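**Student:** Each chain is listed here by its residues.
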Amino acid sequence: MTAATTNAASGEKIDSGKARQARITGGILIALALLVLFVLDVGTGEVATFKLSRPRDAIVLGDLVVPGSFNLLVAALLAFLGVRQFLRGGVRWSNLSIGIGLALVIMAFLVWATAGKSFSLTGMLQATMVRAVPIALGGLAGVLSERVAVINIAIEGMLLAGAFTGALIGSLLGSWLGLAAAVMVGGMFGMMLAALVVTYRMDQIIAGVVINLLVLGLTSYVTSQVFAHNRSLNNAQVFRAWKVPLLGDIPVLGPMLFQQNLFVYGALILVGVSTYYLFYTKGGLRARAVGEHPRAADTLGIDVYWTRYFHVTLAGMVAGFGGAWFTLGSVGRFDENMTGGRGYIGLAAMIFGRWHPVGALAAALVFGFADSLQQKLALLNTPIPSEFLAMAPYIATMIVVAGLIGKARPPAADGKAYVKE
Amino acid sequence: MTFLSKIGLAAALVAGSVTAASAFTACQVTDTGGIDDAGFNQTAWKGVQDAMAATGIDGRFLESQAESDYEANLNSLLGGDCDVIITVGFLMGDATAKAAAANPEQKFSIVDFAYDPTIPNVVGQVYATDQAAFLAGYLAAGMTKTGVLGTFGGINIPPVTVFMDGFVHGASYYNEKHGTEVSVLGWNPESKEGLFTGNFDSLDDGRAFAQNLYDEGADIVLPVAGPVGLGSAALADELGTEALKIVGVDADQTQTDPQKAHVYLTSVLKRMDSTVQQVINAAMDGSFEGGLVVGTLENEGVGLAGFGSFEDEVPAELKAELDAIRAGVIDGSIKIGG
Amino acid sequence: MTTSIGKRALDDAGRALLQRTARGRSEFEDLVVVPVFAVIVALILGALIMLATGVDLPTIGKSFVALAVGSVGSLNALSETLTASIPLVLAGLGLGLGFRAGLFNIGAEGQLLLGGTAAVVFSFTFPSLPFPLLMILSLIAGAAVGALYASIAGILKATTGAHEVISTIMLNLISYRLLEYLLRQPYIQKEGRSDPISKSVPDAGQLPRLLDWIDPNLRLHAGVFVMLLAVAFVWWLLFRSKIGFAFRASGANPDAARYAGMRSGLVIVAAMATAGALAGLAGAAQVQGVLGRASPGFSAGIGFDAIALALLGRSHPVGILLAGLLFGGLEAGGRQMQVDAGVSIDLIGIIQALIIVFIAAPLLVRAIFPWGFRKDAKGGKA
Amino acid sequence: MDVELRGITKRFGTVLANDNVNLMIRGGEVLGLLGENGAGKSTMMNILSGLYSPDAGEIVIDGKAVAFEGPGDGIAAGIGMVHQHFMLVPVFTVAENVVLGVEPTGALGHLDLKKARAEVEEINEKYGLHVPADALIEDLPVGIQQRVEILKVLFREADVLILDEPTAVLTPQEVEEFFGIVRSLKEAGKAIVFITHKLHEILAVSDRINVLRQGRITGEGDPKALSEADLAEMMVGRPVSFTVDKAVAQPGKPMLEMRNVVMLDDGDDLVLDHVSLTVRSGEVLGVAGVQGNGQTELVEAIAGLERTASGKIVFDGEDITHASVRERHRQGMAHIPEDRHRMGMIATFTIAENMVLNSYYDEEYTRGLSVDWGHVQETAAAFCVDFDVRTPSVFLPAGNLSGGNQQKMVVARELERQTKLVIASQPTRGLDVGSIEYIHKRLIQSRDEGDGVMIVSSELDEIMGLSDRIVVMFEGKIVAEFDNTAGSADRNAVGLAMAGASGETTSGAAA
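Protein chains in written order, with the working numbering: chain P, 158 to 578; chain B, 3 to 340; chain Z, 22 to 403; chain L, 13 to 523.
Only chain P is shown next, with the shape it has when bound in the complex (with noise of 0.2 Å):
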């Protein structure tokens, strides 16, 4: 039974969530339309140009042309979606309205920035790909941690562990053996959180802060203390890309998905692993009770410590592989706090997944998409200071946060110690 049904029978009011939601939707979009109409407003005549193929590209398409025009529909679409959602108070098409309308803006904001201009599309979306890699592994280790209820702050100190063994133990043994190296330690700082978390009970956001910090110091000591006199102890091999035959020459997805190299396949294929592992196997599935129900778990005979101790440690060993990326997958050497937070929007990746691996890929494009279009506003001169488009992806990250795109339950006992009896 739905409140419409009692609404039109009873003709009371009846002051529904979602028909609030609704209206708040539709003055969104509006708003939005009118955003696009007077801001993002592009002269009829000029256009923009947007290069989806480069030079070397083995199949080459034409530019993509888009008259100033185009605004002016999606202004018309935005206020379309917008009136509809008033109308109808559309409960189930409010987030996909919105989504569509955010998606829409973006566009709509490309057109206007690029307008007289012209940018590579293709090189943006593979940068996306790319600069989304450490965050999809973050948001992922989260995951892993998080479906056993083990909050993962730690990840910024895992991400830069496994930055600093990588590029420590590569230029000593070789990239591979870094790699390994790197999975490792980034383990045994999953390990570690366990125990802190697990065994000693301790506050889980606290724990988390403290191996942050401990990471930190510890590698910036022996940076300073060690590579400042042996430049030899950090200077590995990166891994280069690799293009998948036929695949890698497909025009825009090519360049994107096929011609990277092992960070990106390698997160691609954990995210698939580890969906199938967590939704269709026995452990996932044991996991997932630990995390939903621990002292039901444990009442059928499921080792709730052993399952946190060892889903934390793979968190922390896929933490220490997307760690590598940032010495073995791109520059070869370390240095201080190279990760930057990328960490922290992992985490924020994760929560915008909804504790789902695809949903944290997904999420970690999202903010690896704002990073690279940063980049390139910051070349067609946007009339937008530079340190604003470098909040941009901040920004981005809080509106996810805020669930204006829809709001996610978190494992039931998510960031809860449990006592055995």
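Worth flagging that the hints you see were computed from the coordinates, not collected in a lab.
In this text, all values refer to a predicted model and were calculated from it rather than measured experimentally.
Where is the CB? At the ideal position from N, CA and C, for every residue including glycine.
A couple of the hints might just be wrong.
Unchecked claim - Only some residues are given here: those of chain L computed to face chain P with a beta carbon under 10 Å:
hint: 1; residue: A79
hint: 2; residue: G82
hint: 3; residue: G84
hint: 4; residue: M93
hint: 5; residue: M99
hint: 6; residue: V101
hint: 7; residue: F104
hint: 8; residue: L123
hint: 9; residue: F190
hint: 10; residue: D280
hint: 11; residue: Q303
hint: 12; residue: T308
hint: 13; residue: E376
What the hints assert, rightly or not - Subject to a maximum C-alpha distance of 25 Å in a straight line, what follows is the list of computed SDA-like cross-link-like pairs (lysine to any residue):
hint: 14; chain 1: B; residue 1: K147; chain 2: B; residue 2: R62
hint: 15; chain 1: Z; residue 1: K263; chain 2: L; residue 2: H353
hint: 16; chain 1: Z; residue 1: K220; chain 2: P; residue 2: F545
hint: 17; chain 1: L; residue 1: K324; chain 2: Z; residue 2: R279
hint: 18; chain 1: P; residue 1: K573; chain 2: L; residue 2: D351
hint: 19; chain 1: L; residue 1: K126; chain 2: P; residue 2: Y437
hint: 20; chain 1: P; residue 1: K577; chain 2: Z; residue 2: R387
hint: 21; chain 1: Z; residue 1: K263; chain 2: L; residue 2: A259
hint: 22; chain 1: Z; residue 1: K211; chain 2: B; residue 2: P160
hint: 23; chain 1: P; residue 1: K208; chain 2: B; residue 2: D96
Assemble chains B, Z and L onto chain P, guided by the hints.
**Tutor:** Chains B, Z and L alone, transformed into the frame defined by chain P:
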């Protein structure tokens, strides 16, 4: 995010190298970047070390972890042990001026900062980096195959953007001379807006920003962001120098980044080590006088490094033109940005 | 309609209930033994790390001596310790207050930056105001802007449930960029300077130095009184005031607070704003007492160190004061360690992190030092 | 399968939960285990199922002593437990919950849910459980959830089933159905341990009864030979009367009126469906119903904790539909919340602080912006004396009190002031008999002093014993109303209404 501390110290080494007999001590206070910042702190310290090697003086340094340390660090050096105190970076300008006013007998010198009016016991060291970057821009414009150059900076501040100004103007000057249409992405000298990583420590940003410029067609990139540029070099190494070359900054990066030496077309030199050593020498021989030392092409305070592995690829006529321009800049017949 | 209450005489049974229970041994262990052990273990581990990175034993000994001398060994050392602890304690009080209200505010860094900037801007905007007035108003301006900035996260949490950990981290990152932008605005940027640096705080706006009549290099300033007042204020606020009761109740059990008619949204915003005001005050004290102007990243991680501080001080104002003095001492002593023994100041960061590990996991300390504790301490199942 | 517990002793800190307990459980028999809350029933069964390990004593299965190191061992030995608080993962399906821990798998650990579903259906069929295998637990009514718990145990091929207070959340009719299931399990040769504190249930279903008090077996016998009064005396240790002494009500003016109150949940479903009711001064209105039929929401609407979508609430002649919690409290509404741990108190706060949890702002307790803690403490001490809250000091954390004393503390806070209306939700859940008697007495006292009293309880006995009038809630609606002056309501009819048998409103409908 200088979370706790980001500063390193090689002081064990310092303590070991000090010889007791020295009569003269030069002291350096770093800014928050630390002594191994691959930037001005390190280069200035190299100047002190060069002086130590050349004249057998004592040298020591203190690292500042936070801005509130500047004053404290200066205070702890004021005991009278230091014959000259060298501070680094415009951020230390106020603290240095204050200490200099309180201790008129103490000799100070500050890197990358100029006082107006000058202070009698402080030598400011500044650099006309745009002169050297101008040459780099001209060279790059002459070497590009795509007709597109790129540059990006760490933070939008003058010590950074002065490089970018010179680079852009150099490329325009090439266009003027040769009727070409080489463009520079990433910096607009008029609006003072451009491409910035927002930090001086994310090497990964250096790679991503260079990739961005490469995607837009740039085949030579000038990163002005300290160690961040090492990330750009990693990309050039992976793509191959046919596709992307890097112009180094501050020091000759074929020396400071030997593993990737082959990707550097050249480097825009900012010879802080040389000016620091000059100041120390002046303090030793009694010719020390407060005021300003400006590093220029003329006094070799700034300059262009060699062409490294591209020595053979740079056409002889281009080299000749660069020599002529250098002379023109020195004698004032060529105005940068004019 | 039951009994009416009012002041009425208690019978013997009632008076018996007003006896305070004696502090138990386990409480003593938690408050004293654990922190002491934590500091000792952290220092030992710090020494081991130095050993592992090739520092020889005499140097390690020398560095610990320097640490002690540099923090409490002289008047200058004490002055430096106190000076360093002022912003740490102020920001730590804000964070501790947030923790008590159930809010994990990571955003002190950003609140501190913007609060400090506001204090600077206010002070040079009204240079003609007389001494104590301008100083006080500038402090208030800093606190107000810190409160406003923190309220963003509070309002987001109250209205949409956005987790404050994420939103305050983002607000920190945004504040760095915002500061860079602001410092390049002609109104704020220092005349004649092209680098991002603000105009200076006029003399009337500065927190006066207290000991410069002994030695002009002693930097201890009047902010120490602001700090002490803030400790007293926060203590009163948390444990004596009406709103503080609501803060603590919301933090301890949000459902019970809602049941009791406390408006959770209001409490969240008020607690965030108060925490932000204290962080903003920390920034103001730093620029008005030490730095004299704002520049990029002048916060220098104080906002993050303050998290550790608040945890160490168990979110109790007096605990935070003591922890702040400890951290201030470590900072001042660490500087001395660098001068005397040549050991990297990064080590201090490691030691701080280790102290928090052991404080926050008393079970771990108990496991390491079983002989330090009564056997059947509460919980007892470690 | 026969199971014997020999000399089981278990301590928690200083509390002796089980003291040298001996127990014999036989196949094909229902053993009733009776005892008050805190008597040690659950502890003993948790030991039997392997969740706890005993400090002394042993478990003997079919003559062989066994040692369980974890719940897995208990399951492996054929002992299954249905917990009082369901051990089900709400976001999993029935099939997933049932197989959790003993999952059928294919290659690579792939979860074979098809097989799981088939097995669930098979057991469903065999014991007549009728549980949908693919439904999410959170979408199922509690009665069905309970069957899922039984399914879980049967799926593991348990021969001994421990049922810990299984009827607490069921309607009388559901209880009957449930007993049917118990009997069919018994006939299949299973050994059943049936734990409860309800006397008539244990008499109805058990073959043999053991009574537990303060961790010890204090009596055992044949249900045919024992009366309720005998059992009660064994359970409590003294003769008890289960009827509440009260005079006939003197209803006065309406104290609370609800008219067509509608409340929606997050998903816009109706949780209160046009609820109208009246509570008069000087009477007790009982709200009966199976847990989860809108009682919680009803109380939240009255107390102002959740907003209503439409309708009107009038308190003593004033419209309070949009009034805040605090305003309602100020006007004399007392609210004893259903879950004292979650809502009624703050365990880490002192008793004194808890005593003023919702009145600390009152002028009585403040001086300016400060709280006058000295006065609060004195008042709290007086309250503790009045309400027999047993504690050495008001400075102790409330979490240190026993459950009964915690609830007395909450009741004292709510009743020790000028009240006009008392809303008591599950006021005696989980308490010992002494505390129950005391709280009932105070509630009736409030009524006799002229307050309107509303009692919401899922214990039908409590409703029947206290109320002057009864309304029954089902799926968010008030489906029936009964007059209960002098206990005149028909227990059976109330039970039927609780199960949703929509109904003619019986005698005394017009309130």
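**Student:** For each hint, tell me whether it holds in the structure or not.
**Tutor:** Okay, the hints, checked on the actual structure:
The beta carbon of A79/L is not positioned within 10 Å of any beta carbon in chain P (closest approach about 15 Å), and the interface hint is therefore violated. Taking 10 Å as the C-beta cut-off, the interface hint given for G82/L holds, the closest approach to chain P being about 6 Å. A least Cβ separation of about 3 Å between G84/L and chain P falls short of the 10 Å threshold, and the interface hint therefore holds. The interface hint given for M93/L is met, as the beta carbon of that residue sits about 7 Å from the closest beta carbon of chain P, less than 10 Å.
Because the beta carbon of M99/L sits about 4 Å from the nearest beta carbon in chain P, less than 10 Å, this interface hint is met. At its closest, the beta carbon of V101/L sits 5 Å from a beta carbon of chain P; the interface hint therefore holds under the 10 Å criterion. The interface hint given for F104/L holds, since its Cβ lies 7 Å from the closest Cβ of chain P, which is under the 10 Å cut-off. Taking 10 Å as the C-beta contact cut-off toward chain P, the hint placing L123/L at the interface holds, the least distance being around 5 Å.
Contact between F190/L and chain P, as hinted, is not supported at the beta carbon level, the nearest pair being about 21 Å apart and thus beyond 10 Å. Annotation: D280/L was flagged as interfacial toward chain P, and the flag holds, the nearest CB pair being 5 Å apart, inside 10 Å. The interface hint given for Q303/L is violated, since its Cβ lies 19 Å from the closest Cβ of chain P, which is over the 10 Å cut-off. A cut of 10 Å between beta carbons decides the hint on T308/L: the least distance to chain P is about 18 Å, and the hint is violated.
Contact between E376/L and chain P, as hinted, is not supported at the beta carbon level, the nearest pair being about 37 Å apart and thus beyond 10 Å. Only pairs whose Cα atoms come within 25 Å are accepted, and K147/B paired with R62/B is rejected, the gap being roughly 47 Å. This hinted pair checks out: K263/Z and H353/L have alpha carbons roughly 23 Å apart, not beyond 25 Å. Restraint check: the Cα-Cα separation between K220/Z and F545/P comes to about 23 Å, which is no more than 25 Å; the hinted pair holds.
Under the criterion of a C-alpha separation no larger than 25 Å, the hint pairing K324/L with R279/Z is consistent with the structure, at around 22 Å. A threshold of 25 Å between alpha carbons decides the hint, and for K573/P with D351/L the separation of about 20 Å falls inside it, so the pair holds. With a C-alpha separation of about 12 Å, the suggested pairing of K126/L with Y437/P holds against the 25 Å cut-off. Proximity of K577/P to R387/Z is assessed by CA-CA distance (about 19 Å); at most 25 Å being required, the pair is judged to hold.
A C-alpha spacing of about 42 Å is found between K263/Z and A259/L, which places the hinted pair above 25 Å, so the restraint is violated. Between K211/Z and P160/B, the direct Cα distance comes to roughly 14 Å. Compliance with the 25 Å bound is thereby established for this hinted pair. Taking the CA atoms of K208/P and D96/B, the gap is about 49 Å. The hint is violated against a cut of 25 Å.
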